[in-house]
Every structure is written in structure tokens, then in C-alpha cells.
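Undergrad: The chain contents come next:
2 protein chains.
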Amino acid sequence: MDGESRQPDRPAHPGIFPTGKRGESLHRPGQRSVDFPVSVVLPAGGTGERTGLQTPKQFCPVFGRPLISYTVQAFERVSWIKSIVVAVAKENMDLMKEIIQRFQHRKVRVVQGGSTRHRSICNGVLALGEQEEQEAAEGEPKVVIIHDAVRPFVEEDFLFKIAMAAKEQGAAGAIRPLVSTVIATTSEGFLDHSLERARYRASEMPQGFTYDVIRQAYQRCTESDFDFGTECLHLALQYCGTNAKLIEGPPTLWKVTYKRDLAAAESIIKESLCSSGCVITGGSAQAVTLADALQKSAGALDMELDVIPDLLGDHSRYLLKECNFIQVSVNPSGLLELESMLADVEATNRAPLHPLVIIWDAERWERSVMRVTEITSALIRERSPALVGQLLQA
Amino acid sequence: MDGESRQPDRPAHPGIFPTGKRGESLHRPGQRSVDFPVSVVLPAGGTGERTGLQTPKQFCPVFGRPLISYTVQAFERVSWIKSIVVAVAKENMDLMKEIIQRFQHRKVRVVQGGSTRHRSICNGVLALGEQEEQEAAEGEPKVVIIHDAVRPFVEEDFLFKIAMAAKEQGAAGAIRPLVSTVIATTSEGFLDHSLERARYRASEMPQGFTYDVIRQAYQRCTESDFDFGTECLHLALQYCGTNAKLIEGPPTLWKVTYKRDLAAAESIIKESLCSSGCVITGGSAQAVTLADALQKSAGALDMELDVIPDLLGDHSRYLLKECNFIQVSVNPSGLLELESMLADVEATNRAPLHPLVIIWDAERWERSVMRVTEITSALIRERSPALVGQLLQA
Chain A
947 MDGESRQPDR PAHPGIFPTG KRGESLHRPG QRSVDFPVSV VLPAGGTGER TGLQTPKQFC
1007 PVFGRPLISY TVQAFERVSW IKSIVVAVAK ENMDLMKEII QRFQHRKVRV VQGGSTRHRS
1067 ICNGVLALGE QEEQEAAEGE PKVVIIHDAV RPFVEEDFLF KIAMAAKEQG AAGAIRPLVS
1127 TVIATTSEGF LDHSLERARY RASEMPQGFT YDVIRQAYQR CTESDFDFGT ECLHLALQYC
1187 GTNAKLIEGP PTLWKVTYKR DLAAAESIIK ESLCSSGCVI TGGSAQAVTL ADALQKSAGA
1247 LDMELDVIPD LLGDHSRYLL KECNFIQVSV NPSGLLELES MLADVEATNR APLHPLVIIW
1307 DAERWERSVM RVTEITSALI RERSPALVGQ LLQA
Chain B
947 MDGESRQPDR PAHPGIFPTG KRGESLHRPG QRSVDFPVSV VLPAGGTGER TGLQTPKQFC
1007 PVFGRPLISY TVQAFERVSW IKSIVVAVAK ENMDLMKEII QRFQHRKVRV VQGGSTRHRS
1067 ICNGVLALGE QEEQEAAEGE PKVVIIHDAV RPFVEEDFLF KIAMAAKEQG AAGAIRPLVS
1127 TVIATTSEGF LDHSLERARY RASEMPQGFT YDVIRQAYQR CTESDFDFGT ECLHLALQYC
1187 GTNAKLIEGP PTLWKVTYKR DLAAAESIIK ESLCSSGCVI TGGSAQAVTL ADALQKSAGA
1247 LDMELDVIPD LLGDHSRYLL KECNFIQVSV NPSGLLELES MLADVEATNR APLHPLVIIW
1307 DAERWERSVM RVTEITSALI RERSPALVGQ LLQA
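Read top to bottom, the protein sequences are chains A and B. If you read the first sequence in this note's numbering, its first letter stands for residue 947, the second for the next number, and so on. If you read the second sequence in this note's numbering, its first letter stands for residue 947, the second for the next number, and so on.
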């Protein structure tokens, strides 16, 4: 039906999750870096009309964490991104500050958005300039990346391409093939003509600009641009004569627009969240045996488990990751161990965990390893508060 | 960010589910009908490259039923649609026939698709002609609606608009506002210009044509059209001089394109599937009391429950609907009742049900009504095979 190549729509290395294994450096070997300052502006002033939800979509929770927090995290994990400015509507300033605190975002500053998309972005860009004046030693950011708060799956590799092209050309933007044929309509609502698909592309986010280009564009553009325009690339072309370099982005750049897109985002986040876990044994030899069996069998369900004795010392770093904790106990004090683990997890302010107990028949445990694994995996996948407190039988 | 109006992306009356309550007529009062023959062609020859899945997306299961079966059902439920032709790749002919049998589709015929979208649609249109020759008394369909197998949420109201406009104008098609800015690119990959968004629309499905227009369009078009074109409205304009009437469709017309869209479709189908259920009491007074309490409390979770004594006689019609059955038993023979109910359900070849048992404390049942309801709702929502056979405690 169209010439699009075979590309997955899920990030290979979702920026929102740690890419390093077992607490190693999050910087992947071979990952390129940039040697100039890069900052990010996230316009997030929207009111989410199209989702049909009360909450603006960037604040809708996905597994207890607002969507915008995933997006911010995707940028924070990129070592060469220096700062992030989020522009939100006045009534959401406090909410955004709470989110920053709760999810321990470090590189983010909140500014008040404007009444339109361009006004919000402009506020963000100006705030970057002020920031730089204060920290004069570092100078202005060389490149500003503009992205949408509701595109949480942006990856480092693509950000690198945009930053480099922006520095070189003054402006760069993500494009995607058109999904539908675009047609011109007559004023009476009839088909005028259809566009030759190959010549056109959908303009997506992220886009990158040198700081000078984007600042000038906003200094020179008209009130009408501010009120009715949406396309930064267009301003750069019209007011700075800068033709943006267009770079084909991956399908993962899609934007959460409708309520159904939240379900899609949830499924992608869930896939990552459920692909790993951490088994806590308390250190007893028997529990370690069970945990090792569980670890082996989880591979068949595409789940990778680490086995650790506790969450103390060096292992406490697991508490800072998005992680599923599984407590294995072989004695009646198991419930106490579970409660202690829960207290540790809750202390980190993370998305709520839903404790359940699976009974694993000690006599015939080898026969039921797969069953325990399946139930564990299902519980992790479904995260259902309604099942809290149930005893399940493997 | 754009001028789109506040419209939900979920169907108010999803065509895929019975709209009539409690077995009443499926034809809603006030629903308009058409007085000319209408048939449907569903091109479904695609190989699903963009989902990143092995199975072509139209055949991907959603709660045990292939996506295309939901789409077919949406058309079958429309009383004035006479027949549906599905064009599938040669290697999927048997699979499609199996689907028709398993899900008891009645109005559907399968034809072999072609190597491109236009060739598949053309085969479908020609097959409609042949069919009509055989059933000469009925004559050719006046209007042919063309739709995508991967847009399962099409609603009767919109089909009506397309059919009426097609009859009047010769051709009609669904349009949607553009989600992204469309830009023209230079051959070197730079921005040439961006399109004025207000003048353009995305062309979507369904589209409708009088039989004569669509047949002539395919008789007159070139091999190049067949191989590289995708837009039926364009053929009607170029080869029959027919300017299509363009009608703004609801967001529910979206197309399942990527793997993430399957998750979105699942969430919409789930919302409908989980919104109703049927409590079977066996007729004992005590069970009826419990069932009535459950029914009342389910309202708080947006779930509507019918209470019936059994699946016999008139109540057997519930077996023909997509339904969640909940067996309430107050004596030790409960498990037998459950087994008998399962046998009835399985005999209808429907999507598999996952039996679980919730223990409801008879002494203090009134206190735990909400808890039972929550657990029941969660089990229905999650449909997890891993929990089959568990005893849960309310």
C-alpha cells in the first residue's frame, strides 16, 4: 500500500529506560557524543482536547508516572544534553514541579507557556538565553532541540543526528512518510486533486536549531505567526533564510494524540517494564536455589531476572531503576521480609507496587517452576490492584 | 496545535458489538436505512510489514478473534448491507474461510487478491458483478463501499453518509484533518515549503462509489495505476470525471498500521467487552440475592450485568453475543455448574474463557460485595490464562 520500509515502531533502546545492564554506565559503547552545548525545549501547554480525557495528555499517568516524565527521562539519559526547559500552562506549573520532584528529574526547569504552541516554544527558548546569561561561563547553547512532551519514545541516536545536522545547517527536522494520501479539497467539499505522495512528507518532532536561528526567527516573526502557525521549520526558512535539513525518523517518534494512543504507549512501556526484574532471596541457600530456577525459566518468557540477596549496600541501586521486585522466602517469616522490601521500595516514591503472594509447593517445586514463572509474569504484566493480598497456588 | 474539534476516538456505538440491549432488535430506533443495494469490498491482501509482526495485521488476534473478523462484523451488523467481498492473498484464502466459519459470518465471500491494493479491490468489484449475474433477480449493487480490513471501528451512521453521497455524486470518501504539517522536500533532502494545512485533508476509508463508476474506473485505468496507485477517488476523477464528495469522518476510522496500533485496538475492544456481563445463578434464591448485589455494585465500575438463571431456552441467545459469564453458586456443587456453563460456552466456538473461582464469604457477604466486584472486573479485564484454576478470596 505504500513504500514504507520494514521498521519496528518500538524503540530498540527506549530512552526512557536505562540501557546499561546491572548498573553499569548508561552510556553505550560506541555511542557518539556531541562537543557543543545542547538544550531542549518541551512545549507542554496543550489541554489534550483530542484524547477525550479530563487530564491534558502529557500529564496522563502510565503505570503511575505521567507521560511527560517518560519524555523528560528520555532526554535526561542522554549525557550530552545539558538542560531541558518545559513550558506548561500557568495552572499546571505546580503539577509539573511536583512531577520533577517526585521522579527526581535533574536537568529540568519549568517556565510558563503561552497561549499558543509558538508562544510556548518562544518562552522556552528565551528562558534558555536567560539561563545562559546567569551561567555566563558556559555560554549560550549552540543547539536547541524542540520536541513534544507527548512523544516519549525518542532515542539518543536520532537526537544525535538532529543535533549534528542543526549545528551544520542551522535547522533540522524529523520527517516521516505520509500514512494517508493527502488531497486538496474544493471549497464545496469535493475532491480537487490528490498530492503525489513521493514528493511530500509529514513533518514530525524533534527539530533542532542553532540558538541564533531559533531566537532570530521568534524575534522577527509576526503576531499572526505566533497565533496561527505551528511549524518552527517554516519560521526558520521565512525569517532567517535557513532551509532545514530533513531527516527520516523512526516510527517510534509518533505522538500521543488520542485516548487510544495512551493505550499504545502503555503497551510499549509495559513491554520494557516487564522485560526485567530482580529476585530477592534474603540469602538463604534454599531461596537462592528457587530464585536461580526462576531466573532460568523466565528466559522462556523473554524476561531477564537478576538474583540478589537484599536491597542493601551496592544492591540499593536497584531501587533507583524501574524494576519489578520478587521476594522469594522459604520460611514463615516470608511475609516480614516482603514487608521490609515494600517499605524500601515505597521510600523511593516510585510507581506503586502491588504485592501478591504465590505459594510454591516446597515438596514438588521443580515441577512447578514454569507455573510460578507464568503467574509471576502475568502479575507483573497486569499490575492489578484488585488482586493485592491474594494467595495464589503454583 | 491544530484546529481539530473535540471528538472521542472511540466509537459511541461500535459496529462490532450488538447495539441492542438484552437481545432486542439490533436496529436502533431512528436509525436510517437505504433503499438501494449496497455491497462492500474489503481489500485484505497486505502482508503487514509495518507492524513488525509475522502475521499480517488483519489476521492478528485480538482476544482470540482476528482483527478482520471485527471489521466484517461491523459491516454485517448493518442491516442494509447486502454482501461483503474480502480479497486476500492466495496463501491466506483457507485461513479467511476458516475465520468466516468459526465466527459465523454470513454475508461474506472470499476472493483472491491481486499483487497490489488496486488489483485486490478490482478483483473484489468484479466478483460483486459476477455474483449479481448469478442472482439476476436482485441486479447489480447500486453502491459499493470500499474499506480497509484494518479499520475495525467503522460505524453505521458514517457508512450511511458515504452510501447516500456515493449514490448521489457517484463517489464519496472519508477525510480527516491532517495530524502533522505536510512539507515538500527538495531532491537534496531540504525543506522546500510547507503546505497550508487548511486546504488539505488526509484521505481515509471508507469510500463509496456507484457500481458503474468504480467498474469503469478499473476498466479504463492503466497498468501503472494498478501497480503504483492507491487512491480510488483519484481513478474515479481521472477516468470517469467523477469528483468525489468528501465527508469528514470520526477519529474512530483510524487504521491499524503499527504493532502499537494493535494495543490501541485491543484497548478499545476491551472497553466494550468489559462493559457488560451476564450472571448465572442456577435459580437458587440465595444465589439470586448475591447476583443482584453484584449487579448493583458493578454499576460503580461502569459494568452492566444481566442476571439470568441459566443458558437454556430464551437465555441461550447470550451464547451468541460476546459476553462475560459469571457463575454464582452457593453450594458445593458450584464447580459442576461452572463446568456445565463452560461446556455451553465452548460449544459456541467463541474466544476462550478463562475460568477462575472467587470465594465469597457467605457469613459476611454484604461487606465484601465491592471486593468481589473489583476482583471480577479485574479478571474480566485482564483475561489472563496464567490465573486459570486459582482460588481468590474476597
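Please keep in mind that the hints were generated in silico from the structure rather than gathered at the bench. Just to be clear, a hint being listed does not mean it is correct.
Copies of the same chain are indistinguishable here, so a pair counts whether it falls within one copy or spans any two.
[Stated by the list, open to error] With a straight-line cut-off of 25 Å between C-alpha atoms, the simulated SDA-like cross-links for lysine to any residue are:
1. Lys1242 / Pro1331
2. Lys1216 / Gly1229
3. Lys1113 / Glu1212
4. Lys1201 / Trp1311
5. Lys1216 / Asn1277
6. Lys1113 / Ser1140
7. Lys1113 / Gly1135
8. Lys1201 / Asp1138
9. Lys1113 / Ser1262
Undergrad: When no copy is named, should Lys1113 and Glu1212 be tagged within, between, both, or neither for a Cα gap of at most 25 Å?
TA: neither (34 Å within a copy, 42 Å between copies)
Undergrad: Between the shortest in-copy and the shortest cross-copy C-alpha distance, which are at most 25 Å for Lys1113 and Ser1262: within, between, both, or neither?
TA: Classified as neither; 40 Å inside a copy, 69 Å across copies.
Undergrad: Using 25 Å as the alpha-carbon threshold, which applies to Lys1242 and Pro1331: within, between, both, or neither?
TA: Classified as between; 21 Å across copies, 28 Å inside a copy.
Undergrad: Checking Lys1216 and Asn1277: alpha-carbon separation at most 25 Å within a copy, between copies, both or neither?
TA: Neither, since 32 Å and 40 Å both go past 25 Å.
Undergrad: How would you label the pair Lys1201, Asp1138 (within, between, both, or neither) given a Cα cut-off of 25 Å?
TA: For Lys1201 and Asp1138, the Cα distance is within 25 Å only across copies (24 Å; inside one copy 29 Å).
Undergrad: Quick one: Lys1113 to Ser1140, C-alpha cut-off 25 Å, is that within a copy, between copies, both, or neither?
TA: Intra 36 Å, inter 22 Å, cutoff 25 Å: inter-copy only.
Undergrad: Within a copy, between copies, both or neither: where do Lys1201 and Trp1311 come within 25 Å Cα-Cα?
TA: Answer is neither; intra-copy 46 Å and inter-copy 47 Å both fail.
Undergrad: Under a CA distance limit of 25 Å, which applies to Lys1113 and Gly1135: within one copy, between copies, both, or neither?
TA: Classified as between; 16 Å across copies, 43 Å inside a copy.
Undergrad: Check Lys1216 against Gly1229 for me: Cα-Cα at most 25 Å, and say if that holds within a copy, between copies, both or neither.
TA: neither (30 Å within a copy, 42 Å between copies)
Comparing the model with each earlier hint shows violations of hints 2, 3, 4, 5, 9; every other hint is respected.
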